[in-house]
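Chain A is already provided as a structure; the job is to place chains B, C, D, E and F on it using the hints.
Protein chains in written order, with our numbering: chain A, 1 to 134; chain B, 1001 to 1134; chain C, 2001 to 2134; chain D, 3001 to 3134; chain E, 4001 to 4134; chain F, 5001 to 5134.
If you are wondering where the hints come from, they were derived from the structure by calculation, not from laboratory data. Do not take every clue at face value.
Ranges of calculated distance between the beta carbons of each label pair, as one might list FRET restraints [said to hold, decoys possible]:
1. B:P1049 x F:Q5088: 45 to 51 angstroms
2. C:E2130 x A:E123: 55 to 61 angstroms
3. D:E3115 x E:D4122: 29 to 35 angstroms
4. C:H2082 x B:Q1108: 20 to 26 angstroms
5. A:E123 x F:Q5044: 28 to 34 angstroms
6. A:S103 x C:P2081: 51 to 57 angstroms
7. F:P5087 x E:E4050: 34 to 40 angstroms
8. C:D2122 x A:S103: 44 to 50 angstroms
9. E:E4123 x A:K79: 53 to 59 angstroms
10. F:P5087 x C:G2112: 48 to 54 angstroms
11. C:P2081 x D:V3119: 33 to 39 angstroms
C-beta: ideal position from N, C-alpha, C; glycine also.
Protein chains: 6
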Amino acid sequence: MRLPRPLVPRTVLSAHCDLPCGVYDPAQARIEAESVKAIAEKYQANEDPEFRTRALIIKEQRAELVKHHLWVLWTDYFKPPHFEKYPQLHGLFNEATKLAGASGAKGQSDPGVAEQLLVKIDEIAKIFWETKQG
Amino acid sequence: MRLPRPLVPRTVLSAHCDLPCGVYDPAQARIEAESVKAIAEKYQANEDPEFRTRALIIKEQRAELVKHHLWVLWTDYFKPPHFEKYPQLHGLFNEATKLAGASGAKGQSDPGVAEQLLVKIDEIAKIFWETKQG
Amino acid sequence: MRLPRPLVPRTVLSAHCDLPCGVYDPAQARIEAESVKAIAEKYQANEDPEFRTRALIIKEQRAELVKHHLWVLWTDYFKPPHFEKYPQLHGLFNEATKLAGASGAKGQSDPGVAEQLLVKIDEIAKIFWETKQG
Amino acid sequence: MRLPRPLVPRTVLSAHCDLPCGVYDPAQARIEAESVKAIAEKYQANEDPEFRTRALIIKEQRAELVKHHLWVLWTDYFKPPHFEKYPQLHGLFNEATKLAGASGAKGQSDPGVAEQLLVKIDEIAKIFWETKQG
Amino acid sequence: MRLPRPLVPRTVLSAHCDLPCGVYDPAQARIEAESVKAIAEKYQANEDPEFRTRALIIKEQRAELVKHHLWVLWTDYFKPPHFEKYPQLHGLFNEATKLAGASGAKGQSDPGVAEQLLVKIDEIAKIFWETKQG
Amino acid sequence: MRLPRPLVPRTVLSAHCDLPCGVYDPAQARIEAESVKAIAEKYQANEDPEFRTRALIIKEQRAELVKHHLWVLWTDYFKPPHFEKYPQLHGLFNEATKLAGASGAKGQSDPGVAEQLLVKIDEIAKIFWETKQG
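The shape of chain A in the complex, shown without the other chains:
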């Protein structure tokens, strides 16, 4: 069962730093991916070349942030026991970051691709919250 984000208590709100501070939260990647999707939708709805160029500039940046936040979770939060328990985890992260890159939301301005990215992030988030409660 997929746990909707809103049911997660606010104190688990978390982020990364490499001290480590111990604060992580898949919301960071999801927020940027929501932004990528909104940009793709606005791109499709607006044919002004100046607007479109700006949309592409900004989409590159937000998609790069999606990749970064996911990489941080994969390297810094998840530990060997997690990868044993969830053997699909490596693949999920690799696919999600590819979906944010050249072969995904960077290379295309299709909201559907951004939606696939969001679904993949949610799969990761579900595992993340399971490990926090474990």
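Relative to the frame of chain A, chains B, C, D, E and F by itself:
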């Protein structure tokens, strides 16, 4: 009444970009501020000079991100009618960003200061969510 | 009469860091805004799509720097007594940073918009220098 | 007599971008170097280890900006005829950027070293303004 | 026998961008890791607190670059058939990036840890070059 | 005969940091310049406006990295005796960084310009390796 974050539906999950994509969320500032507080706590609990230096390096970075996310909300999300309805809003943002800077969580490694920053961010978030529902 | 720069006394030169070093100068924002205006003018005068794309890429960056330098002045240089003495100051900064963003010089390539931004920065600079002499 | 900044004609303000926008100003390097010097002075006057660590963190950043602004002038503003007319220019820039780096203001917290950097930047600025008037 | 760099054919040189340009090279990660190791050695050999603080500041930056370059290879260069042929590849990248982070070369100033990181990068590089010749 | 990268002795690998770590390598500039050239080639071969915009965005970034890596070598690696022995060195670096900028590979999407940049970097690399062996 203050609405706990978890009751906010996920579709309002939001972020910034200057297209604008229309996606904003005070969670971005809060996550980094949680990190700042956790770093301050770890700093106080560990007297190893190498650890402490790393803690200060990383706290500067996370506190800078708090400032940035708040500035973005203040300039890009909030509009003149909001400032009319909430005349305290300018001051709240100015105080919150100061609390993240040299006179606050950057200049001190006191978890209490970081906690004050979190309280201020929550005041901003309360107004933010009111405007989203208005 | 145009005063060559070397004759301007060095003590008026100032910048920011969050130590704080105590060195601030609205010139940092103004220089980037001059650049934004020059880019907008060159954009209007050149229809080559490659040139225009590059102009938009670079205009986003310089306009972001304008916002950053202004935010730093607003949060780090100006103190509560300043805001009491100049009640318009919060609004000025909010308008100036909006003029550098999506609804202003980022979202449009109109030199007139960049000129409005420069005027707003000059209003801020006038107050800044008054407080330095106060 | 100290000239208030607002009286300095705006046309002497200049900055860089690689469009190029044609706006350059040695003030950008000088402002950061002033900051480096102020940090070194505060470092010498304060023995608190937390303060000193923060001072070093920030001094690295500002000194890096000095180097960057100088490199930009050297590569993007100055042209072959300038280097012919001012054969010392290559050396001046090389020495100035070295003075901002590991063997200068980064590697040492001596305000005197930062002062040497400022002197070198002024030598460059003098030539810069001569070429603008030429 | 040491081969001078200029004799290495240029076609083996490669880098990343997310166009993608198709240019990748594990050397980017290795160069930064060499830097991390050299910094750790200099840290151990020098007890001056100012030097040590600077060493830690810079080591964080170079180690972050190691992580970034490795993440890029993992997400952008390697494709599903590679992961099938080299099932250890996910683990290698996860371990290598962990060795560059808080639990490795960031969190410790031990040249031995940096050496382990270099060994891990070489294992990745070996596979990388096999796939290029495949 | 093409030498696989792993056979290149690791001691020739080098990078920069401003500790200084003492690790430098012209390969860093060259790798990014290879990327710039590959992007220019792909730009010429693809008329899709979205692809071309992305190519220009990324080319700006990689070309900026070329400039940065070259500036670092010029300021941080090369010392006065080198400039005496190789009087052309200042000019070479100035020309190479100009070739990466607005008047070169940034301002044009011509693979031939990127090739000239590569040739210039190779001239610098040749001198670099001579000084390492000297």
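Here is how each hint holds up against the structure:
no., hint, verdict
1, B:P1049 x F:Q5088: 45 to 51 angstroms, "holds (47 angstroms)"
2, C:E2130 x A:E123: 55 to 61 angstroms, "holds (57 angstroms)"
3, D:E3115 x E:D4122: 29 to 35 angstroms, "violated (46 angstroms)"
4, C:H2082 x B:Q1108: 20 to 26 angstroms, "holds (23 angstroms)"
5, A:E123 x F:Q5044: 28 to 34 angstroms, "violated (40 angstroms)"
6, A:S103 x C:P2081: 51 to 57 angstroms, "holds (56 angstroms)"
7, F:P5087 x E:E4050: 34 to 40 angstroms, "holds (36 angstroms)"
8, C:D2122 x A:S103: 44 to 50 angstroms, "holds (48 angstroms)"
9, E:E4123 x A:K79: 53 to 59 angstroms, "violated (20 angstroms)"
10, F:P5087 x C:G2112: 48 to 54 angstroms, "holds (50 angstroms)"
11, C:P2081 x D:V3119: 33 to 39 angstroms, "holds (36 angstroms)"
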